[in-house]
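Residue numbers (this note's numbering), protein chains in the order written: chain W, 1 to 435; chain V, 436 to 870; chain X, 871 to 1623.
Just so you know, the hints here were simulated from the structure itself, not pulled from any lab data.
All values derive from a computational prediction rather than experimental measurement.
Please note that the accuracy of each hint is not assured.
Stated by the list, open to error - Straight-line distance between alpha carbons at most 25 Å, and here's what the computed DSS-like set of lysine-lysine pairs gives:
#1 X:LYS1247 with W:LYS115
#2 W:LYS353 with V:LYS733
#3 W:LYS298 with V:LYS733
#4 V:LYS532 with V:LYS633
As the list claims (entries may be wrong) - Reference excerpt, derived from the structure (chain V facing chain W, CB under 8 Å, subset only):
#5 GLN460
#6 LEU466
#7 LYS558
#8 ILE598
#9 ASN608
#10 ASN748
As the list claims (entries may be wrong) - Calculated Cβ distances over 12 Å to all of chain W for the following chain V residues:
#11 SER465
#12 PRO625
#13 SER760
#14 ALA768
#15 GLU782
#16 MET848
Don't be surprised by glycine CBs; every beta carbon is placed ideally from N, CA and C.
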Amino acid sequence: MNKRPNERTVNDLFLSGNLREYLQQKNEASLRAIPNSQLNLPLHVGPYHSLYPVDKHFDKTDKSFGYLATIFKCVSNLDGRLYCMRRLEGVPITSGKFLEPIKKWKLVDSANVVKVYDAFTSKAFGDLSLITIYDYYPLSLNLMETHFYRIGNKDPELITEAILWSYIVQLTNAAMEIHNKGLFVGEFDPTKIIVTNKGRVRLSSCAIGDIVEASKDHNQFQNGNQKVEGETDGAKVIDEQKKDLERLGGLVLNLSKSTTFIKDSSTIKPMEIIDRLTFSDEFKKILRYCLTPDSTWKHFQELLAPHILEVANGFENSADYMESSLLTEVENARLVRLLCKLDVISERPEFIKDGSWSETGERYPIKLFKDYVFHQVDEAGNSVVDLTHIVNCLNKLDSGVDENVLLVSPDEMTCLVMSYKRLKELVESSFRSLS
Amino acid sequence: MNKRPNERTVNDLFLSGNLREYLQQKNEASLRAIPNSQLNLPLHVGPYHSLYPVDKHFDKTDKSFGYLATIFKCVSNLDGRLYCMRRLEGVPITSGKFLEPIKKWKLVDSANVVKVYDAFTSKAFGDLSLITIYDYYPLSLNLMETHFYRIGNKDPELITEAILWSYIVQLTNAAMEIHNKGLFVGEFDPTKIIVTNKGRVRLSSCAIGDIVEASKDHNQFQNGNQKVEGETDGAKVIDEQKKDLERLGGLVLNLSKSTTFIKDSSTIKPMEIIDRLTFSDEFKKILRYCLTPDSTWKHFQELLAPHILEVANGFENSADYMESSLLTEVENARLVRLLCKLDVISERPEFIKDGSWSETGERYPIKLFKDYVFHQVDEAGNSVVDLTHIVNCLNKLDSGVDENVLLVSPDEMTCLVMSYKRLKELVESSFRSLS
Amino acid sequence: QIAPIPSFTVYSTPVDLPTVDRELIPLSNHLSFDSYMPPLNSLKLPHYEEMLLSAWPPEMVFQVGSLPKPIDYEILRSLESIQGFQVARYNKDKFGPRNVVTKYKKRQKLSMPKFISEQDDDDEMSEIEEDDRLMDEHQSGDIFSTTSTTDEVPNAFCLFRIAYSKFGVDDFDFGYYNKTAFSGLEADAGNTYTNSILQLYRFNPPLCNYILKTLAEDVAEDDLILVELGYLFDMMVKANGRHCAASNFQRIFSAIPEAQRLGLVTEDGRPYDAYGQRRLVQTFNRFILEKMSQDEQTLYKSTSSSRMNAITGIPTETAVFSSFCTLSQKRSTFFHSIDVNSLPPPSPTPSNLTILNYIEASMNKKVQHMITCDTCKRQHPIDASLRVEELPPDLILNIDLTDEQLNKVRFLDGWMVPEFYMTVSSTGSPILRTNIVAGSHVGVRKYKLAGYVAQITDRANRSHLVTITETSESSWCLFNDFLVTPIATEEVFNMSYWWKKPVIVVYRAVDTVSTFDYQCYKQGLNDSILYRDHFAKGTREGKAVEYELLTHDEAPQAGTMVAIDAEFVQLVPQEFEISFHKQKRLVKPKKLALGRISVLRCEGEKEGECFIDDYIVASEHIDDYITSFSGIEPGDLDPDKSKRTLVTLQTAYRKMWLLLNLGCIFVGHSLKGDFRMINIQVPLEQVRDTAELYYLKKERRKLSLKYLIYQVFQDNVQTGNHDSIEDAYSALRLYRKYLELVRTGQLESTLQR
C-alpha cells in the first residue's frame, strides 16, 4: 500500500511497514487448520472445536504458573468466533470456587489486556486440564519472542527508549483498569505480555494466576494451614496493587538492561544499572521512581503524563492511517457479493438438467454475458485477461444501467442485444429462485 | 431481527453498515466536482487546480482573522492529492518575510493539528489573496457546527463530560506539539477547531494568525511603532504559551456552559459558572485550574494524566476497530481478484474443447471445487446458499492453507482429496497459461 | 397489374443496438490482477437509483461455528495417486450425496432418562446439558431400534456413555437400557472393549458351562483368570437382567504382566482407529483363550488342557523347513482360534464368496521369512507352513482383515453364512461347504453361527464393539455394554451396513452341548476354604488374628445368618469437570477396591464372634487408604510388610461366594454398596440391610450406622477409625433390636425419635 507523503512523516511506532502484507499474514494465521487426526487433539473441548496449536517460538515445554501449558486457536460452537485456548495440565481444581476469580476478570475491559471469556476444567485431553478462553490475536508474539528471539527470518526487534515509553504507558493503562476492577496484575512476565500489532502490547493469561493461587490456598488449607478470609483479602489486593508498580519497573529495567552491555548485571544493584543506561534522564528518573519503596501509581501517572500524550498521539495517527487505507478499499465487498451471486447461480448441476441454461432457456443470456465479461479473446482468438473490463462490466451490471451489450453465442451464429438492466433482472430472479 | 450468536447475516460478513456509509460519504465528498465554468473560479491557483468550495454551514460571510475567507477543496498538480485551500482576501502581505511563520508551522506534527503545507499570495481570484494549503478532511465540521447547528437532517451532537475530557486531552496534545515547535496556539476558536471523525478534533487554520499578525506588526512598524525583536520575541512566545492554557480553559468553559441553563451567564464570573455545572468535581477542579492565573501546563498535564490514559485507551480501541475493518476489506480486494480469476479460467469455450476440463484433466479439480463452494445442496437435494461457506472456502483457497478438502465427482462414484494449497497452484497455473 | 408488395420488415419498436462505450477509463485507473493499486474503486459505479444487484437479502441467515466434518478415514486410507491426484472411490451410501451442507449442531439438550435420585418427579425424561453430546448422533425415538431407515447407525448400536450425577454411578438408571433377562455390562469398569468378548462367551453353552464348572474347585495359590470368569458369569446369571460390572475380573486381568506387555490394559477413552481397535480385541481374544487353557492346567493340576481343548482346541500342524540347510521341524499344537487373514483365491464368480472361502484360505498358509538360523548359524529364508488338521466344536474366528478388505465383504451377499457343513478332504484338511457335498458323508459335521463381535463405526469415525449372540434357540440379542435388546435374525446376518464390521465370529457344531447348566459347580463343590486359613504369604505366626475359624459343626446351611461389613481403599480419586458458570459435573467416579471384609456369626454360643476377617492384597497403586473410614493403614495390604491376615482377592471372594451359594442370609448396614464393590449379586431374600429396615420413608433418608446406634442404644460407636468387625456387630445388634421393635410394635415410634 502506498503511503501518502504526509503519512510517511507520521511517528511510525504503531504502523508496520507493509500493512497489507501484515494483514494478509494475520488472515492466513487465522485460517490455518489441520485435520484433527494428525494432531491427536480432541475433537472438541467443551463447546470449542477445531483446535490448532499456536506456534510457540519461545519454549516448547513451557511451564506456566508451575504447570505444563499449551496454547491453541479454536472455534466456538456457540458463536462461530475464533478464540485462544490456554490449557494447563493437572491444576488441582476441585471446586467451582477456585474459578471465581474469572468473574471479576471478565469485567476487565482495556485495550491493553487480552479479554478473558471462560474458564473450566476438562478431561478432553485425557488428563484433567484447566482451560481458559481468551480473545485470539493472530501472529502475536510475546515480548521475549519479539525482542530476543529470531523467529523465522525475522530478526528480533530492537528495544529503543521510544518503544519502552510506549510499553510503560500501555502497561500502566492495563494495570489501572485491572486495579479499578479490584484485581492486581501480579507479575509482568515478558512471556505473558503479547505484542498483537506493531508496538501494541497486551497482558495475556489473565486470571490464571488467581485461579492457580486459589487452588494452592485450598490445598494448603486442607493440609492444615488456616487461610484468613475477608478484609485481609482486600488488604492483600491493595498491597499487591502497590507492588505492581515495582514489578512494572522490574520488567522495564530488564528490557532496558539488554540495550547496554553490563558485566555481571545480576550482581549489580538495580539503581546502579539504571545509572549506566544510555537513555534520557527523564526515563531513568521515572524508572528509578518505580523501584522506590514508597512510590505510588498516582504520582507515577503524573510523571508519565507528557508521554501518555505522546503515545495517545501515536494511536490517533494509526487509527487515521487505517481509516485512510480503508477508504480505498470500501467498494470491494460489493464486488465480492456480486461475483458470489453470479457464481452461485451459474453452472449449478441441478440447473444444467432443466433447460433454463440451454440456448433457448431464460438464463442463457447470463451465460453469454459471463463469456462476454470473463472470456474475452483478441482477434487471433487468444485469451485476453482484462480486470478493468471485468470490473467495469460488473459495475454496470450491479447498478443495472440502461446501456445495451452485444452477446454472441459460442458458435458465433447468433447474437443477442440486451441491456444491463435486463441482465440484472435475470440474475436477480435466478438468485431468488434458489433461496 | 432475532439472531443467535452463531448466526450471521450479509451485513455481519462485510464492513459494518455505518462505517461503510460514512466512508462512502467521505469518498463522495472527496470526489465531488462541478465543471469550473459554473462556479466562476480560477482554473488554477498556483499549482492547485479543480477548486471546489467546501460547504460551510456556519456563516456564509465568514470573517477570519478580520478578513473575508473562503475554503476550497483542490487538487495539487504536484502530487495529485486533495488539499484544503483557505483564501483570505486582501491581507496586506508586502514581503516574503510575512510568510516566515509557515516554516515553523510546517514542522508541527500532531494528530490533533491540521497540517499546513504552503502559504502564498495569489492574484488568481482577481484580488490579492493570502492562500494557505492544508490537509483536506472530507465531511469535517467545526466545533460550533458539530454542537450547536443542525446540519442537513443531523441534529447537533450533545456535549457530555466524556466528550469534553476527550477534547481537553486532544487539544492539550495539539498545544504541546505547537509549543514544542516554539509556537503558540493563540486562540482556541470553536470555528477553527474541526471534528474530522467522531470525537476527533483538530486545530485548523494554523499559521494564518501569525502571518496576519506579522503583516499588522509590519504595518504598525511602518507607521512608526518600533517593534522589539530578538529575545523579547521569545519571551512573548513563552507568555502566549502560558496564556494558551487559560484560553483552552475558556473554550472548555464555553462549551460546558451550554449544558446548563445559566441566566445572564455573560455577567457571572467564570468561577461561579463552574460551580453551577453538573459535571464531576474533578472536571470542575481541572477547569478551575486552567483559569487560575498561576497555572502551568506541566501541572495541568499531571492533573490530567488518568484522563489522558482513558482517552488513549479509546484511541487504541478505535485503531483496533479500524484494523479489523480493514482486514475484511483487504480480504475482499483479494477475493474479487480470486473470484475473477476463477471465472476467467472456468467454462472458457476454448477449454471445453480440449480435454483439460474433462474428468481426467488437470483443471477438473477446479470445476469440482467450484461446485463444492457455490453449489451446496441440502439433504433433499435443494439448493442452499451459504455465503459464510463461500467466503471461508475462498479465503482458504487464497491463502493456500494446508487443509484438505474432499471433492466428489458429479456422478458420486469417485472423489478427490486435495489441499487448498494444491488447488491454489492449479488455479494459478491455469490463469497464468491464459495471460 | 399489381405491383409486388415490397418486403419490408415492420418493427413496432426501434431495434436495440449495443451501446458504444463513450466514457474512457483513464490509463491510471486500469486495474491489475497482480497489484492492489489502483484500488478497485478507481472504477466508478455508475449512477443508480434502484437497489444494487450486489445487495443480498438482509434477512438471509448463515450459521457459523459448527464442527467441521472431517474427511472419513476410510477415504483417506483408500486414496490412490492417479495422475498426481489423490483419488478414491466414493461411497454415497455411507458418505451421503456430494456438497451437502453441514448442518449446524449446537451443544444440545438431550432427552435422557432421569437419574434415579430425580425420578420421584413426575416426568420420565430430564434435560441434561452435556458438552460431550456435541458429537453424538443419537436420533430421536426408540433407543432399542436395531434397524435404521436413514442409513444412520441405529440407536441401539450407538455408543452409550454413563452419565454421572453427583451421586456417582449408582444414580444412573441402567434399567432403562435393558428390559431383557440378560445382564449387560457397565461401560466403565476399565478395558471396556473386553465386554464384547465376555458376553460372547457368556452365551456360548459349552464354554460357559466349562467355565462355571471350575467354581467347584478349591482356591488356587494365585488368582486365576479362568476362575474369575466363572465368578463373573455366575454373577451375570444371578443378576438376571440387572446390570453387572466386571470389576473384579478387570482388577485381576489388569494385574497380569503379560496382559500389560501386550498393551491390553488400556486407559478408557484412549482413541483408537477402527483397525487398531479390532487388532486390540483380537489380541485380547487370543490371550484370554490361551490363558484359560493354562489356568485349567494350574487349577486341575494337570499337564494338558484337555477340557478346554475338547471345546475350542484346534489341532494345527506347523512346519518349518529350509532348502538352505538341514532345518526341518514339524509340530502339532493346539490353537484356540483361527486368524482369518488370507483372501480366497480369485474366483470366477466373486459375488458368491462367503466367509467359508476366507476361512479355508486361512487354514492353510505358507509364508517365507528370513531368520538367523539356529542350525547353521547363517541368515537365510525359511518356509513356514500352518495347517489346520481338525475343527473343534466351538470354532472361534478372528476376522483380521483391513478396512478395505472388509469394505469389499459388505458387497458380498450372504457372506456371513448362518450354517455350513464341514467335511475332510483326501489330504485330511477340513473343507467347508454351505451344502452337503455329495458322496462325502464321512466326517460331515454341521455348524451354525453362534454369535459374533461387531465393530460399529459412526460418522464421526468413533468405533466401539458390540456382541450379537444367540441367547436361546433362534433367538438373538444385541449386547451393547449395558444396553441389551433382542434383534431380528435377518439383521444378525446382514453385514452390508457401512457402520458394521465383523471382528470375532463363533460357529458351533450342532452336535455339541447347546444348553446352559448354571448349577454345574454344585456337584462336588469344594467349600474347605471356609474352615482353614489361606494366607497370601506366610502363616498365622506373627499375624494379628481377630477371628476364630468356623468348624465343620458350624457349617452354614440355607438360612444361616451372618453379619458382614467390608472396607475399601481408594485406587483413583473421582474427577470433576468444573466451569465457573455451571454446576460441576462428575466425569469419573472414584475407583475403590475391596480392602477388608469381616463376617460374624449371628447365632449360637459364639454369636457376634468373627469367623472371617480377610485383608485383601493390593496389586495396584493405592491413591488413598482413607484410613478414617476404612481403618486400613498403609502397609496393611502389602504381603511383605503386613501384620494382617492377608489373602488374595479370589480367596476372600470365594468365601463370600460360598456363603451366598450355601444360602446364608447376610445382615449388615448399607449392604448394596458393599455388594457392588465386592462385585457379587446377592438375591434380596438373602439380605437384611439395617439401613433399609430403619429407612425414614417420609424424609426419604437413610440413617448412618453411628447415628442409629446412638439413637437406639445411646451408645457411641465409630469413635475412632472404622472397624469392620465392630460395624458388622453393630449391624447385628440393630437387626436384633429391629426384630424386637417390630414384635412389640414400637418401630414407628422409635424411628420418629
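Inset, instruction - With 12 Å as the threshold, tell me whether PRO625 (chain V) passes as away from chain W on beta-carbon distances. - result: Holds: least Cβ distance 20 Å, greater than 12 Å.
Inset, instruction - Run the C-beta distances from MET848 (chain V) to all of chain W and say if the shortest one exceeds 12 Å. - result: At about 14 Å from chain W, MET848 (chain V) clears the 12 Å cut-off, so the statement holds.
Inset, instruction - Starting from LYS298 (chain W), check that the Cα of LYS733 (chain V) is at most 25 Å away, please. - result: At roughly 15 Å apart (the allowed maximum being 25 Å), LYS733 (chain V) and LYS298 (chain W) satisfy the hint.
Legend entry - Pair hint outcome, LYS353 (chain W) versus LYS733 (chain V) [Cα-Cα no greater than 25 Å]: Cα-Cα ~79 Å, so violated.
Inset, instruction - Hold the hint about LYS558 (chain V) up to the distance rule: shortest CB distance to chain W must be less than 8 Å. - result: At 28 Å from the nearest chain W Cβ, LYS558 (chain V) fails the 8 Å test, so the hint is violated.
Legend entry - Check on GLU782 (chain V) being off the interface with chain W, judged by Cβ distance over 12 Å: It is violated; GLU782 (chain V) is separated from chain W by about 7 Å at its closest Cβ, not greater than 12 Å.
Legend entry - Residue hint ASN608 (chain V), partner chain W, criterion CB-CB below 8 Å: Check passed: Cβ of ASN608 (chain V) comes within 5 Å of chain W, closer than 8 Å.
Inset, instruction - Just double-check ALA768 (chain V) for me: nearest Cβ-Cβ distance to chain W has to come out over 12 Å. - result: Violated, since 5 Å does not exceed 12 Å.
Legend entry - Satisfaction of hint between LYS115 (chain W) and LYS1247 (chain X), Cα-Cα up to 25 Å: violated, 70 Å
Legend entry - Status of the ASN748 (chain V) interface restraint (C-beta, 8 Å, chain W): holds, 5 Å
Inset, instruction - Identify whether the interface hint at GLN460 (chain V) stands, where standing means a beta carbon of chain W within less than 8 Å of its own. - result: violated, 10 Å
Inset, instruction - Would you check whether LEU466 (chain V) satisfies its interface hint, that is, whether its CB is within less than 8 Å of any CB in chain W? - result: Interface hint status for LEU466 (chain V): violated (11 Å vs cutoff 8 Å).
Going through the hint list in order, the structure does not satisfy hints 1, 2, 4, 5, 6, 7, 8, 11, 13, 14 and 15.
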